[in-house]
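Given these sequences and hints, build the entire structure.
Number of protein chains: 2
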Amino acid sequence: MSYKSDIEIARGASKALIQDIGAKIGIESKDLLPYGHDKAKVSQSFINSVQDRKNGKLILVTAINPTPAGEGKTTTTVGLGDGLNRIGKKAMVCIREASLGPNFGMKGGAAGGGYAQIVPMEDMNLHFTGDFHAITSAHSLLSAMIDNHIYWGNELDIDTRRVVWRRVVDMNDRALRQITTSLGGVSNGFPREAGFDITVASEVMAILCLAKDLTDLQKRLGDMIVAYRRDRSPVFARDIKADGAMTVLLKDAMQPNLVQTLENNPAFVHGGPFANIAHGCNSVIATTTALKLCDYVVTEAGFGADLGAEKFLNIKCRKAGLAPSAVVLVATVRAMKMNGGVAKADLGAENVDAVKAGCPNLGRHIENLKSFGVPVVVAINHFVTDTEAEVQAVKDFVAGQGSEAIVSQHWEFGGKGAEALATRVAEIADADMANFAPIYADEMPLAEKIQTICKRIYRADQALMDQKIRNQLKDWEAQGYGHLPVCMAKTQYSFSTDPNLRGAPVGHSVPVREVRLSAGAGFVVAVCGEIMTMPGLPRKPAAETIMLNDAGEIEGLF
Amino acid sequence: MSYKSDIEIARGASKALIQDIGAKIGIESKDLLPYGHDKAKVSQSFINSVQDRKNGKLILVTAINPTPAGEGKTTTTVGLGDGLNRIGKKAMVCIREASLGPNFGMKGGAAGGGYAQIVPMEDMNLHFTGDFHAITSAHSLLSAMIDNHIYWGNELDIDTRRVVWRRVVDMNDRALRQITTSLGGVSNGFPREAGFDITVASEVMAILCLAKDLTDLQKRLGDMIVAYRRDRSPVFARDIKADGAMTVLLKDAMQPNLVQTLENNPAFVHGGPFANIAHGCNSVIATTTALKLCDYVVTEAGFGADLGAEKFLNIKCRKAGLAPSAVVLVATVRAMKMNGGVAKADLGAENVDAVKAGCPNLGRHIENLKSFGVPVVVAINHFVTDTEAEVQAVKDFVAGQGSEAIVSQHWEFGGKGAEALATRVAEIADADMANFAPIYADEMPLAEKIQTICKRIYRADQALMDQKIRNQLKDWEAQGYGHLPVCMAKTQYSFSTDPNLRGAPVGHSVPVREVRLSAGAGFVVAVCGEIMTMPGLPRKPAAETIMLNDAGEIEGLF
Chain R
1 MSYKSDIEIA RGASKALIQD IGAKIGIESK DLLPYGHDKA KVSQSFINSV QDRKNGKLIL
61 VTAINPTPAG EGKTTTTVGL GDGLNRIGKK AMVCIREASL GPNFGMKGGA AGGGYAQIVP
121 MEDMNLHFTG DFHAITSAHS LLSAMIDNHI YWGNELDIDT RRVVWRRVVD MNDRALRQIT
181 TSLGGVSNGF PREAGFDITV ASEVMAILCL AKDLTDLQKR LGDMIVAYRR DRSPVFARDI
241 KADGAMTVLL KDAMQPNLVQ TLENNPAFVH GGPFANIAHG CNSVIATTTA LKLCDYVVTE
301 AGFGADLGAE KFLNIKCRKA GLAPSAVVLV ATVRAMKMNG GVAKADLGAE NVDAVKAGCP
361 NLGRHIENLK SFGVPVVVAI NHFVTDTEAE VQAVKDFVAG QGSEAIVSQH WEFGGKGAEA
421 LATRVAEIAD ADMANFAPIY ADEMPLAEKI QTICKRIYRA DQALMDQKIR NQLKDWEAQG
481 YGHLPVCMAK TQYSFSTDPN LRGAPVGHSV PVREVRLSAG AGFVVAVCGE IMTMPGLPRK
541 PAAETIMLND AGEIEGLF
Chain U
1 MSYKSDIEIA RGASKALIQD IGAKIGIESK DLLPYGHDKA KVSQSFINSV QDRKNGKLIL
61 VTAINPTPAG EGKTTTTVGL GDGLNRIGKK AMVCIREASL GPNFGMKGGA AGGGYAQIVP
121 MEDMNLHFTG DFHAITSAHS LLSAMIDNHI YWGNELDIDT RRVVWRRVVD MNDRALRQIT
181 TSLGGVSNGF PREAGFDITV ASEVMAILCL AKDLTDLQKR LGDMIVAYRR DRSPVFARDI
241 KADGAMTVLL KDAMQPNLVQ TLENNPAFVH GGPFANIAHG CNSVIATTTA LKLCDYVVTE
301 AGFGADLGAE KFLNIKCRKA GLAPSAVVLV ATVRAMKMNG GVAKADLGAE NVDAVKAGCP
361 NLGRHIENLK SFGVPVVVAI NHFVTDTEAE VQAVKDFVAG QGSEAIVSQH WEFGGKGAEA
421 LATRVAEIAD ADMANFAPIY ADEMPLAEKI QTICKRIYRA DQALMDQKIR NQLKDWEAQG
481 YGHLPVCMAK TQYSFSTDPN LRGAPVGHSV PVREVRLSAG AGFVVAVCGE IMTMPGLPRK
541 PAAETIMLND AGEIEGLF
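Here the protein sequences line up with chains R and U, keeping their order. If you read the first sequence in UniProt numbering, its first letter stands for residue 1, the second for the next number, and so on. If you read the second sequence in UniProt numbering, its first letter stands for residue 1, the second for the next number, and so on.
Calculated from the structure, these hints are not laboratory results. Treat the hints with care, as some may be off.
Stated by the list, open to error - Subject to a maximum C-alpha distance of 25 Å in a straight line, what follows is the list of computed BS3-like cross-link-like pairs (lysine-lysine):
1) R:251 with U:540
2) R:540 with U:219
3) U:15 with R:30
4) U:344 with U:540
5) R:344 with R:292
6) U:540 with R:241
7) R:107 with U:251
8) R:89 with R:15
9) R:219 with U:212
10) U:416 with R:107
11) R:251 with R:292
12) U:395 with U:416
13) U:212 with U:292
14) R:107 with U:219
15) U:54 with U:90
16) U:15 with U:540
To be verified - Okay, the calculated bits of chain R under chain U, using three or more residues with CB under 8 Å as the criterion:
17) 11-25
18) 244-255
Don't be surprised by glycine CBs; every beta carbon is placed ideally from N, CA and C.
Put into structure tokens, the structure is as follows:
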């Protein structure tokens, strides 16, 4: 039996006009700002008009620690959305936008896969509605204004060695990681060390995804720390007077993007912060708006549940006042086998013992999620090679944890394949079983917040922080930043900081190498490993074979 | 009497849905890719479908050398378009897009002014339809791929001292003019000197504006020279294998943007190359498409006629096979007075002698334009302070040159104010009086082309080129580039290279400081003065006061 590729399926999609998709969730044509015939932004006046409505149920899709076998978190998110619609529920999906630059290194990807995808796939891998370009522009304006301020006399007394605001570009360009700027004489300014990150790593991106509205956006932009003086006092973006113009540049980017699934169900695809130095979720405004329009909103968080769901729950939900009614934890038989020690090449053969041996990774995520007070359903994202015995082994394990696992075949059959999962998730959400609370309080000291996550989620013996880091955290507390949540930047492949340590390790420690303050986004980043904020291109970049064919179709991008 | 500001007028515009504007020129809704309700791109399939139609008449609007008094070239272009529609002609306007970055330095501008404007003004000064972002992305991809090629072994043997492809950003950021990249060790590549220009200076922009279609675009992108080897042989973008992916990034940007005038007449606003190191006209694809849709197409060229019209006629028309039926030369009584020696502060007082003294600048432009075989009409862009006697002095002077001058009051009255101008221009265009030819042949050697422009247009005694420049031009001829036209980069304020020398100077020489080859765009640039390809921000950038007000309107941008 042969299967169509994601791109073949996406190109074969029978897309509805975006106005018809909008109509399904009560958005009139005048409130949609179309971008072509299959994408639209939702107007702010419409969003304002629905604020008094009751919220729908929020469902988070997360996953076990990712393995090379693939888990299909987005695929499950989309499939569950379609499944809910198929069983007669009014539901929509909220996911992140893709970054442009990386697509020219490795091939770009679908939003979802198989028959559970969001379209238009090509646009979503290219410029889409221009949000990331707007973020790059806003970020670049602030960069230019900082050096311009220094050039014209540096009234704010910025220490040019301590400009912490880097530049960004939405391209994988390692040559820009570390540069010297303002060379060439008097008219070009004061030379200093600088560098570029990729746009998704910009604090502007994190802010856009956490801001409630444009007023909140501007306030947060103004709160960003861009440099320090010799006395170590911070200089804010507000001091540079960049916050107003940045907000103007971002005013359209703030509006959620409406697109559709292959089954013509609505989806918001909006925002895309890094999941390591930021919180890795789609925008708050998309999620909160969707909750006003539908009875069920299915969303996802980056990486595995130890990072993605933890940040979704401790950062996004805390800040936006959201509370999920259910969490769907995606696992696959293949990933269980890899956690059980099977090599990728051997995944084709049935191996029930390996599945059983890998299940503790899943079990720990279930426990962790329950500790937030949310009911957990495991979705076994079905692969056609999975055997009955393997699937049953996962189901039995999950039952032993006091949860249930449901096989979902959305990849192969779309929403129809996710009906069982959708039915059960809707039941759980409707039962209002959740009693959600973040696992630490705002008032807890920053170092203790880090310890709490490391111990309760990673099950480490401790977080290791040297005196310099502890002092830095105390300084921030003294400056009024102690109430912020913590954003962990750690490998997604393990509960530990060793990416090769699969399963459910214990006895490890988590060394915190560095802490950073994202004062505008509103979190303290604890860096626990190598974090790359400007990727490079590979030896043979995908770009070399990307082109338009004679039919005007894009080749090589997928 | 008090007048509304451009932004007040623009905000008061009664805009038609862009689909209704499209319908006026026979474009169905399905062939428009909307960006909001007031902007749309025209599909390539529609453009292909009209290729067999007869062309309308092309009318170029150009101006005398600009003075601080302001000439109103775009205003006249828009007013003439509206005037033609008012007298029952099917006409549209084609102009350039504005660059984002400079709006954060000095205040952004209207497209036109008074009651002769194109809207939506705010969008056109911000992200518009994302064309410039796409150009920045395509340019940045090539930049990243060049350094990536060097990083992975430099198979093409690029001399890293001779990478001529700079980076771009659409922001005024002087700190990026000259930088050192790839610092920080092995994983970041081989350190080298580099720098950023502003996006409009990218050769990609010039190419987008000269390409006939996407196939031509990709060929030209591949033809760009990005670096040289130690043996001085060129390395092309095609060698880096970037041309296909760049074309994919530019596929939507290639489509003309449809917007409207205040009087709901159609306008294409598309492309915006620098008018110094590039040719300064809107895209060929917009102009050639407009000619298939309307009986009259009014377009403009950057700077004064000595630079803008010369390039429009010698570069754009030559390459695109276009021939204007009439040229409108815009002058103002105020500018004549400044050319006649009056200071800006004294322009309010009637001064007929000064007007007469300034007219030779106008006279020389008339002569020059006629030498291309095109009929010339002078449009006196009326200011409310102009006196009858001053206006008459200009009319008399122009009559003495064998042309005619017509007062146009579009700024105050919109299309109604331009009826007289429109009527006469249509008569001239319909009379098929033009016998257009560029003033030099393709076969002329490059140095001689430069001499021809300097002598025949600038009326200089000679162009001064040292041996190094002469040898460079000969080398390019030997490499097969001798057939290219020449693109002059010179001050726009004077026929000479001295910006303070108004009027119609003689006896001067034009020193050529440098020559550059834009092998993809297809011209040789002769740099005759300081050319700034990356502007800086002023001491008090406009950005500091740009913000959204409580009504959600943008303040400070205009």
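Does the structure break any of the earlier hints, and which numbers would those be? 5, 9, 10, 16 and 17
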